[in-house]
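J.: These are the residues of each chain, in order.
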Amino acid sequence: MSATGAPTRRPAALVWLRRNLFRSPLDSLLTIVFGAVSIWLIYKTLSFIFITGRWEIIRVNLRLLMIGRFPEAHVLRLAITVVGLAGWGGLLAGFIRGRQIRSGRVADDRFTLSRVLDIAVRLSIPALLVLLLLTLAQTPGPWIMTGAAVVAAIIGRAVGPFLGRHTFGPAGAAVIASVLAAVPVALYFYVVTAVGFDDWGGFMLNLFLALCSIVLCFPLGVLLALGRRSALPLVKLVSTAYIELIRGAPLFVLLLLANVALGFFVPDTLAPSTSTRAIVVFTLFTAAYMAEIIRGGLQSVPRGQLEAAKAVGLSPVRQMGYIVLPQALRNVIPAQIGQLISLFKDTTLAGIAMGLFELLNVAGALPAQADFRGQGLIGETITFAALMFWVVSYTMSRESQRLEKRLGVGDR
Amino acid sequence: MTDHEDTPAVYADATAMTGSGEAMIELEHVDKFFGSFRALGDVNLKVSSQEVVVVIGPSGSGKSTMIRCINRLEEHDAGRIVVDGTELSNDIRNITEVRRETGMVFQSFNLFPHLSVLDNITLAPRKVRKMPKAKAEELGMELLTLVKIPEQAGKYPGQLSGGQQQRVAIARSLAMKPKVMLFDEPTSALDPEMIGEVLDTMKELAASGMTMIVVTHEMGFAREVADRVVFMADGQIVEVGTPEHFFDDPQEERTKLFLSQIL
Chain X
0 MSATGAPTRR PAALVWLRRN LFRSPLDSLL TIVFGAVSIW LIYKTLSFIF ITGRWEIIRV
60 NLRLLMIGRF PEAHVLRLAI TVVGLAGWGG LLAGFIRGRQ IRSGRVADDR FTLSRVLDIA
120 VRLSIPALLV LLLLTLAQTP GPWIMTGAAV VAAIIGRAVG PFLGRHTFGP AGAAVIASVL
180 AAVPVALYFY VVTAVGFDDW GGFMLNLFLA LCSIVLCFPL GVLLALGRRS ALPLVKLVST
240 AYIELIRGAP LFVLLLLANV ALGFFVPDTL APSTSTRAIV VFTLFTAAYM AEIIRGGLQS
300 VPRGQLEAAK AVGLSPVRQM GYIVLPQALR NVIPAQIGQL ISLFKDTTLA GIAMGLFELL
360 NVAGALPAQA DFRGQGLIGE TITFAALMFW VVSYTMSRES QRLEKRLGVG DR
Chain B
0 MTDHEDTPAV YADATAMTGS GEAMIELEHV DKFFGSFRAL GDVNLKVSSQ EVVVVIGPSG
60 SGKSTMIRCI NRLEEHDAGR IVVDGTELSN DIRNITEVRR ETGMVFQSFN LFPHLSVLDN
120 ITLAPRKVRK MPKAKAEELG MELLTLVKIP EQAGKYPGQL SGGQQQRVAI ARSLAMKPKV
180 MLFDEPTSAL DPEMIGEVLD TMKELAASGM TMIVVTHEMG FAREVADRVV FMADGQIVEV
240 GTPEHFFDDP QEERTKLFLS QIL
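Same order as they appear, the protein sequences are chains X and B. Position 183 (the first sequence) corresponds to 182 in numbering that gives the first Met the number 0; numbering is contiguous. Position 189 (the second sequence) corresponds to 188 in numbering that gives the first Met the number 0; numbering is contiguous.
So here's chain X without its partners, still in its complex pose (with noise of 0.2 Å):
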């Protein structure tokens, strides 16, 4: 205050920090220590991402932290396989959202500047990385490939919602289904026949033990929440049993015995590859974590709507499918997600227990290159591994919230 009375103004950025870090003497002490510590932590960060850190190692091994061992020759349908998997997204994209339309529910498919502006900062973490991925590249195919899928993105998001908003009568839209369904498959077949699984490795294996374990252990795991609020005794032993099992078990443990002890069960000849094994571990092991997290969210939905379930007269089948299981499986999403995250990064654990040649078991052997021996460059290839997990989790988890948002979590 002055001495006239009259209201002295600061300027608003003063107030601010006056406020929110310095309010009290503690509060000031708070911020110049967690300031000082921040500032250097980001300064050591910079300077070893831009000055004493050497990347070189990255550059010159960006194929082997990719895709590992995987023979050149056979590339190619690597770089296929990815633009048809762009292409599919797309269409798979453009078909929901012409349902969506034909329903109803959403008005039109008009890309407004705000709905761009939306899809860009979805998409600008995840694109950054591809970007710094192109930039590390150094033949032209990796362009070449993105430019593709890109394309084949934008082509299938545009003809989805064509085939999404006509019926084509139940015969085409199963046809629909079924070669939409069919092109992940096929594509996998079209590269597991020329590479066998065990050659595959780095970052796209991380990718596909997930996504095929994400892909099984959901509906497992609600056969297993079902099956543990079974009435039938039997079923509800069986499904209590395999879930208290595997989670009582460390992933680890499990790996390494389905990496050593299925030697003992089956003759090496019919023994499947060390990736299935992975995947089946992964998947058994997430399906228990999964049940209980649906449990939990079957127990969310009020009784309430199982008896009016009833009272309409659906049958015990669709009194689950239309009415407790869409509400509890969207009561429990963060946690859902949050499960599958946790799968993702614990596919590294199958470098270790099994020796695959997974990204972060490609990251800590680099180091060990003739070229690079004995230069401790150790830091640098896992914060790249860590990096690539970063992003993907990340994105993983917004995009659950998103989903979240959108299907209205909590207002009710």
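Hints listed in this document are in silico derivations from the structure and should not be mistaken for laboratory results. Quick reminder that beta carbons are idealized off the backbone N, C-alpha and C, glycines included. Some hints here could point you the wrong way.
Label pairs and their calculated CB-CB ranges [said to hold, decoys possible]: (1) X:A173 to B:A133: 49 to 57 Å; (2) B:R128 to X:V237: 32 to 40 Å; (3) B:P131 to X:V234: 35 to 43 Å; (4) B:P131 to X:D267: 32 to 40 Å; (5) X:P232 to B:K129: 29 to 37 Å; (6) X:I351 to B:A133: 52 to 60 Å; (7) X:V120 to B:N89: 35 to 43 Å; (8) X:G247 to B:D199: 55 to 63 Å; (9) X:G247 to B:E192: 19 to 27 Å.
Using the hints provided, position chain B relative to the given structure of chain X.
T.: Only chain B this time, still in chain X's reference frame:
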């Protein structure tokens, strides 16, 4: 009505119907236990086609349990329950059959929060009656017009007021074209200003000839709409009569006590 002077058991009243005379619902010697607690004891009631029966009584008297037994939300332990000629047994087909013919409106609405208002109504006709989508939606809009909220079709239940939600719930039950409607305290969870709109809907339904059993505390509704009033206490039917008889000239001490407490 039989003469009350020489009526040893009130059940004589309970089984004497008004309405068309054709029995739509029959309860004979129905018992229901929750553990060792007897929720229903030897309940006998016949409801004829197009009759409106209002069930009143203190809380815990078994009113809700009784109507929840009629569509098998609760399983009765002894006696017979017959709905439109189908006796409820453990056979799931019988249960489903009865539920299709029986609409139920709950105290807490129990609309499906993840479905739009229209989808709430069309789900059962489409999945159970195999009605084509377009036809089901036409029916849904008709019913929403009947309950006077066609403009809410695209909204979700959470966006509606309590009174509107309960009217949607009534429309949802009617979509299965039931022969009987059960109301389990349909206005008890509503704010006072919304009770009227729901009761009006129910009055129209009664006037259209629907067979109804209504558990309620709305004595005005009972007096105005009911063909018969059933008074329950401690899991038993204590007294049955026309509204005039029931409110103006109750016979049983228990009934008189209850009426003196609430009126």
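J.: Work down the list of hints and note, for each, if the structure agrees.
T.: So, going through the hints one by one against the coordinates:
Our hint of 49 to 57 Å for A173 of chain X and A133 of chain B is violated, since their Cβ atoms are close to 21 Å apart. With their beta carbons about 36 Å apart, R128 of chain B and V237 of chain X fall inside the hinted range of 32 to 40 Å. As the Cβ distance of P131 of chain B to V234 of chain X is approximately 36 Å, the hint placing it in 35 to 43 Å holds. Separated by about 57 Å at the C-beta atoms, P131 of chain B and D267 of chain X break the suggested range of 32 to 40 Å.
Look at P232 of chain X against K129 of chain B: about 35 Å separates their beta carbons, and that is inside 29 to 37 Å. Look at I351 of chain X against A133 of chain B: about 58 Å separates their beta carbons, and that is inside 52 to 60 Å. Separated by about 57 Å at the C-beta atoms, V120 of chain X and N89 of chain B break the suggested range of 35 to 43 Å. The hinted window of 55 to 63 Å between G247 of chain X and D199 of chain B holds, with their beta carbons roughly 59 Å apart.
Range check, G247 of chain X to E192 of chain B: Cβ separation about 56 Å, and the 19 to 27 Å hint is violated.
Of the numbered hints stated above, those contradicted by the structure are hints 1, 4, 7, 9, listed in ascending order.
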